[in-house]
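Visitor: Protein chains in written order, with the working numbering: chain A, 675 to 850; chain B, 6 to 376; chain C, 572 to 928.
By construction, these hints were calculated from the structure, which means they are not laboratory data. There may be inaccurate statements among the hints.
[Stated by the list, open to error] Which bits of chain C does chain B cover? Going by a derived footprint, with three or more residues having C-beta under 8 Å, they are: (1) 612–622; (2) 792–806; (3) 890–899.
[Claimed, not checked] Pairwise CB distance ranges (calculated): (4) C:I733 <-> B:E11: 32 to 38 Å; (5) B:Q64 <-> A:I768: 32 to 38 Å; (6) A:Q838 <-> B:T240: 42 to 48 Å; (7) B:T240 <-> A:N813: 36 to 42 Å; (8) B:Y74 <-> A:H697: 36 to 42 Å; (9) B:A153 <-> C:K715: 40 to 46 Å; (10) A:P709 <-> B:A153: 31 to 37 Å; (11) B:T295 <-> A:P816: 48 to 54 Å; (12) C:G823 <-> B:I181: 49 to 55 Å; (13) A:Q693 <-> C:K715: 32 to 38 Å; (14) B:G307 <-> A:Q693: 21 to 27 Å; (15) B:D327 <-> C:T894: 32 to 38 Å.
Owing to the predicted nature of the structure, the values given are computational and were not obtained by experimental measurement. Glycine is no exception: its CB is placed at the ideal position from the N, C-alpha and C atoms.
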Amino acid sequence: MKSFEEISELLKNNFSDIQFEFHPEAKFEPYILVPANKIDTVCLFLRDNNDLYFDSLINLSAVDDFNGNKIKDPQGNEIMQGGTMSIYYHLESIKFRHKLLVKVIVDRDNPSVNSVTSIWNCANWHEREAFDLFGINFNNHPDLRRILMPYDWEFGHPLKKDYQNPEFYQGMRVPY
Amino acid sequence: MSIKTEEMVLNMGPQHPSTHGVLRLELTLDGEIITKVVPHIGYLHRCFEKHCEVMTYPQVIPYTDRMDYLAAMGNELGYVIGVEKLLGIQVPERVEYIRVIMAELQRIASHLVAIGTYGADIGAFTPFLYCFRDRERILNLFEITCGARLLYNYIWIGGLSHDLHPDFVRLTKEFIREFKPNLKELNNLLTFNKIFIDRTANVGILPLETAINFGITGPMLRASGLKWDLRKDDTYSVYDKFDFEIPVGSGKMGTVGDSWDRYYVRVLEMEESIKIIEQAIAQLPDGDVTSAIPKKIKPPVGHIYSRVENPRGELGYFIVSDGSTSPFRVKVRAPSFVNLQIMDELCRGHLVADVIAILGSVDIVLGEVDR
Amino acid sequence: MIYDFLYNLTGSSVLAGFLIALLPLFAFILPFALFAVLLERKVAGHIQDRLGPMRVGYHGILQTIADIIKLVQKEDIIAKENDKLFFNIAPVLTFVGSYAAFAVIPFSSIFLGAKIDLGIFYIIAVTGLVVAGILMAGWASNNKYSLLGAMRSAAQIISYEIPTILVVLSIVMMTGTMSLFDLSENQTGYFWNWYILGGPSMSLQKFLLIPFMLIGFLIIYISTLAEVNRTPFDIPEAESELVSGYHTEYSGMKFAMFFLAEYANMFAVSAIVATMFFGGYQSPFGYLGNSLNMSWLIPLEQFFWFIFKGIFFVFVQMWLRWTLPRLRVDQLMAASWKYLIPIAFVNLLIIGFITLI
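Just chain A, with the same shape it has in the complex (with noise of 0.2 Å):
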């Protein structure tokens, strides 16, 4: 069972090139910072390398840090621009009982990032559903789709911070 340190030394030594962040101090869960272009490479390091051996991948949660300038559009309602997106990994090796949490930060008005659905096919629904609620996008996804509201819902990302209901859905009234 490896700890935080030792995680973050194996990771420093083998990817010399990218920029990590490690947070050992962080109140409750220390946790990594990857740069957004790189997690795929890092994630599949992360699983094959034997002494680490992440297998599984518990969830993946994207969070919308609304931390951006806040703007009137042309209807009058205040949204957001700017800012960031983060995207956390909790990841889990069954076989050496470590845990590691691994964040990825993107930008609010475009997002996107590499899937990890090759890696761990448990990601492909988490994808989707942080696709469908925030907007990320996926690259390389089997098959990036919306999954809870409806396929052809066409009025945003629900969970975002400045999300707005339409009036109207298929002549049906929304805000009731």
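Position chains B and C relative to chain A; hints supplied.
Guide: For chains B and C alone, coordinates are given in the frame of chain A:
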């Protein structure tokens, strides 16, 4: 000269007696053999996660009940453990023991539904009613404690809403005494019935590597041969004080990881839960269950992932707090949502009749798939 | 015989024939169907540790009447695409197929619809109409799933007719007669004269036959269970995987006819099994009428025993339905072709040999 054949697409629509809720399965058939299964979900999406962002932390608890409505105590427990870790409060021991008793009773109730409806899907109608008769007694126990049979709002942040009823321990002991022979009867009637075994053994075999890669947890993972249970491997509450076994699938009637194994692991888990309840009742300490409930719940900035072993698998809550009285983001990692992805892998090459057998053994609840 | 009685009463053979044809229907089958529906629900309830219908009448006795009234006043829905002729004829045909079998089943020594020499042969031939009715229902519903259910049902019935016929053949070979009336008359005496215990003659042949008669009885009971579509063989009619079977699209009176046909069929096969193996209307213990010297009592007693045996076998069918799960389609076919037919065939040969001794 060759015959041109086409694959037929068949729809097991949202309304169907055997799909356990509003799930749409799109089957692509070649004759009677299945080539592809695509599940379509979202018919029960009730925007739980968006809703959490406008409620205060205690107000979220009744909504967590309603996700997996057949295992509500487990849902509440997962959320409350997460928030208590964020706040850094320690609850009295009596509260922990009562929470364990409730969670284990809930596990038995949920497995009874899973087993009963599985038998009903296969065609045996009687075990369904026997299981529900036993479940009624558990729901009566819940009712005298907190007033509700199915959706409780009982486990609060820092404690419980009510202490145990004075008759609770006596009634629980009576229930256990009468449940053990019923479990034996259920085994004779359904588990070792030749026709049932023919319908479920060697159907939907899930190899262990695939299961871990797909993130499967709970009885499905244990039926594929791995002894992994969060109550022992990532202990929470006071589970480390109890002595119980983890049942694992052994391929007794077919191969390891087939539907019969998944079903049998659930039956065995009920026996283990009874052991835990007996030990918890014997060790129950005294105390005040509402003493540690804070007046104002305002966790510091940060995020935490807390998880519990629900009857269907690992239920996880990823709670992000921004320092105010409402959560900033709550993401629920629902076990049925993750387990449902395996349907395509499991059903390939089987007959149409087996889809029902496989779906019943995956044991999903649409409330938590769609949230 | 009742026929002679009616002939003397009415003076016309046509009218007597007509009345005797109607008699089993109104005097027996309709009340039986009403009773059987209630019996099924009460048996189901008690097996499942609950009570079944309790409110209508004393302990729910009038429940079926309430159900019939409900079904009669329902709207008869016919979809536009249905083939109207077949759609309307199908329930009638199914019902006729089941009901026509009652013409040759002796309810008692004086009550026999038509005394023909080909009793069992006629029954097997006429129950083939049921298959035609089911296929028509499936086709005319214009529903992909109904057709699938109907075809499965037809395949099931046809496959399970063969073990039935083989066992019937062994009985015919042993006794030399196909008439159910003669079969019942042969088993007169006490219960050790019944065919399940070897037959009326007291000889080595009788004792040798006992195990094979038992096997034959089990085979024919299982096969007829499949022919009437009861669990564990109820793929076509239970809420099966995709469909509700061939009678999905029917409502109201037509649906009631399918139901009536099912219960009539159940009783018909129970009656046949009882007649062939368990003595038909013969009493196991001798007649009260004989000991009290009231010879007019005997036919009534026989009628009572016949009904008792029939209902007992119907009760066992219901008991099996609520206990066992359902077989999958391929397992069902395998059970018939791979297991029942070879066993029935070997049974036939052995019984043939023993008969020659």
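Visitor: When the hints from earlier in the document are held up against this structure, which numbers fail?
Guide: 10, 13 and 15
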